[in-house]
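Novice: Spelled out, the chains give:
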Amino acid sequence: MEEENQIKLHGMWGSTFTKRVELALKLKGIPYEYIEEDLSNKSQLVLKYNPVHKKVPVLVHNGKPIIESLIILEYIDETWKNAPRLLPDDPYERAKVLFWASFLHQQLFEDMGRVITSDGEAQEKATKDLFEKLTILEEGMKEFFPGGTPSINGENMGLLDILMYALFGPYKAHEEVLEMKTIDPERNPLLFSWVMALTELPVVKESTPPHEKLVALVQFIRENALQSCVA
Amino acid sequence: MAEEVKLIGMWGSPFSRRVEIALKLKGVQYEYIDVDLTNKSPLLLKSNPVHKKVPVLLHNGKPIAESLVILEYIDETWKANPILPQHPYDRAMARFWAKYIDEKCLPALWNACWCEKKDREKAVEEGNVCLKTLENELKDKKFFGGESIGFVDIAANFIGFWVGVLEDVVGVELLTIDKFPILCKWRDEYVGCSVIKENLPSKEKLGAYFRTRVESASQSK
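From first to last, the protein sequence lines are chains D and R.
Per this note's numbering, the very first residue in the first sequence carries number -17; after that it's consecutive.
Per this note's numbering, the very first residue in the second sequence carries number 400; after that it's consecutive.
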């Protein structure tokens, strides 16, 4: 049947949430059709599949939509049980990963967003919050990387690797636009070496947009946000 | 091997009560440790150093934090009376609605109760949008989980009970039967369930707790 195992991903090329899902599908070797969405003019399909939030990414599996990137990642892991497993099988190890996933996804991501979209005193505070959270994350991740520098390959990438890449993969673009380091080998040696290890992987490299395009996007987001504050 | 289950919680916290509902549903024996949130115990600070919040479940000494993460952990560890559905798609839907409740509904409803009077009308409107969305999702089901309480119903405990208490204390109308007949019917069924009824704080005690907050807020102005 044509509908059998039909996977479509509605996304946006610069969206880190979309990136997470793409990476998971690629890691698991799941063939899919990618549909690029214009966020200023969303397709009828996106509005139909995600009436509550009207956002991408939306994964459509045999016509059924799944939304919210973290939930999509869990769905992918539960539906396609081949390696790499994105989450551990052991309930306690799984709970630890979900705890840190929530920390990365909600707290760090929000702080990063604030740093990018503010200036002056507000940006200083947001940057302070970000650095404090990065210190907490650095400490927390020591348990996951007891040997120090992470050794990751396409076979053992998991949920936290995907989230870390989605957040800090564009670090060079952030640095260029913000004229400061968000992630620093001296301040966060473990996290920095983790991001370096991730960005070197072939499966990650092929999912990474060109640097100039990312810089332009971050610049656009920042200018838009700052202008709307003034207005 | 003796199993040791402890729950660090706070009597008035809906997040804490979610975990108790799940443990009771599954017949898990546990020791409950109530915490004074204005004077957090060393045990809480050691068990949840990142957020320093309740609830924290301690299973044979291992801490698990974040109520929805704890619920999933409980469901995977004790298999009686499943909370989440079996099929990955249904599980994704349940997670979506629980997340919607936590990230959108609770902040909107909480804000509608505690914001400045000049902002109240707009805040109530935002709360109403969330409630309407949940009302539409419930449709003709008895519970979000179907015939019996599930993951989303447990996550919605704030709406099932805390909202009513806040409405009385603060004097705001949120979950009204004319606007949300289906959700009100759900609420009545929900608090009628023995596992829910037995795991709610006393209405009087919770009301008094919120009342002191109202009074201290008006005094500080």
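Calculated directly from the structure, the hints in this document are not laboratory data.
It cannot be assumed that every hint is accurate.
To be verified - Once the Cα atoms are required to be at most 20 Å apart in a straight line, the calculated EDC-like pairs of lysine to aspartate or glutamate come out as:
(1) R:K503 to D:E121
(2) R:K452 to D:D111
(3) R:K461 to D:D111
(4) R:K445 to D:E125
(5) D:K30 to R:E536
(6) R:K405 to D:E158
(7) R:K445 to D:E75
(8) R:K498 to D:D59
(9) R:K478 to R:E502
(10) R:K451 to D:E114
(11) R:K445 to D:E18
(12) R:K461 to D:D71
(13) R:K498 to D:E120
(14) D:K30 to R:E475
(15) D:K37 to R:E475
(16) D:K30 to R:E588
(17) D:K63 to R:E525
(18) R:K478 to D:E92
(19) R:K451 to D:D111
(20) R:K478 to D:E60
(21) D:K(-10) to R:D501
(22) D:K63 to R:E588
(23) R:K445 to D:D59
(24) D:K124 to D:E75
(25) D:K37 to R:D501
(26) R:K445 to D:E120
(27) R:K451 to D:E125
(28) R:K461 to D:E121
(29) D:K46 to R:E536
(30) D:K36 to R:E475
(31) R:K461 to D:E92
(32) D:K36 to R:E597
(33) D:K46 to R:D489
(34) R:K452 to D:E121
(35) D:K37 to R:E588
(36) R:K602 to R:E588
(37) R:K451 to D:E60
(38) D:K36 to R:D501
(39) D:K37 to R:E402
(40) D:K36 to R:E525
Novice: Need the status of pair K46 of chain D, E536 of chain R: alpha-carbon distance at most 20 Å?
Specialist: holds, 16 Å
Novice: Between K46 of chain D and D489 of chain R, does the CA-CA distance stay at or below 20 Å?
Specialist: With a Cα-Cα distance of about 11 Å, the restraint between K46 of chain D and D489 of chain R holds, given a limit of 20 Å.
Novice: Hint check: K451 of chain R vs D111 of chain D, CA-CA at most 20 Å. Holds or violated?
Specialist: Satisfied, since the Cα-Cα distance of roughly 17 Å is no more than 20 Å.
Novice: Would you check the hint for K30 of chain D and E475 of chain R, treating anything up to 20 Å between C-alpha atoms as holding?
Specialist: Judged against 20 Å, a Cα distance of about 33 Å means the pair is violated.
Novice: Is the hinted pair K498 of chain R and E120 of chain D satisfied, with a Cα-Cα distance of at most 20 Å?
Specialist: violated, 26 Å
Novice: Is the straight-line distance between the alpha-carbon of K602 of chain R and that of E588 of chain R 20 Å or less?
Specialist: It holds: about 17 Å lies between the C-alpha atoms, which stays within 20 Å.
Novice: Holds or violated: K452 of chain R and E121 of chain D, Cα atoms, limit 20 Å.
Specialist: holds, 18 Å
Novice: Is the straight-line distance between the alpha-carbon of K30 of chain D and that of E588 of chain R 20 Å or less?
Specialist: violated, 31 Å
Novice: Does the alpha-carbon distance linking K461 of chain R and D111 of chain D stay inside the 20 Å limit?
Specialist: Not OK: K461 of chain R and D111 of chain D at ~28 Å, beyond 20 Å, violated.
Novice: Are the Cα atoms of K63 of chain D and E525 of chain R separated by 20 Å or less?
Specialist: violated, 40 Å
Novice: Take the C-alpha atoms of K63 of chain D and E588 of chain R, compute the straight-line distance between them, and say whether it is at most 20 Å.
Specialist: violated, 38 Å
Novice: Are K452 of chain R and D111 of chain D close enough, with their CA atoms no more than 20 Å apart?
Specialist: holds, 18 Å
Of the hints listed earlier, those the structure fails to meet are numbers 1, 3, 6, 9, 11, 13, 14, 15, 16, 17, 18, 21, 22, 23, 30, 31, 32, 35, 37 and 39, in rising order.
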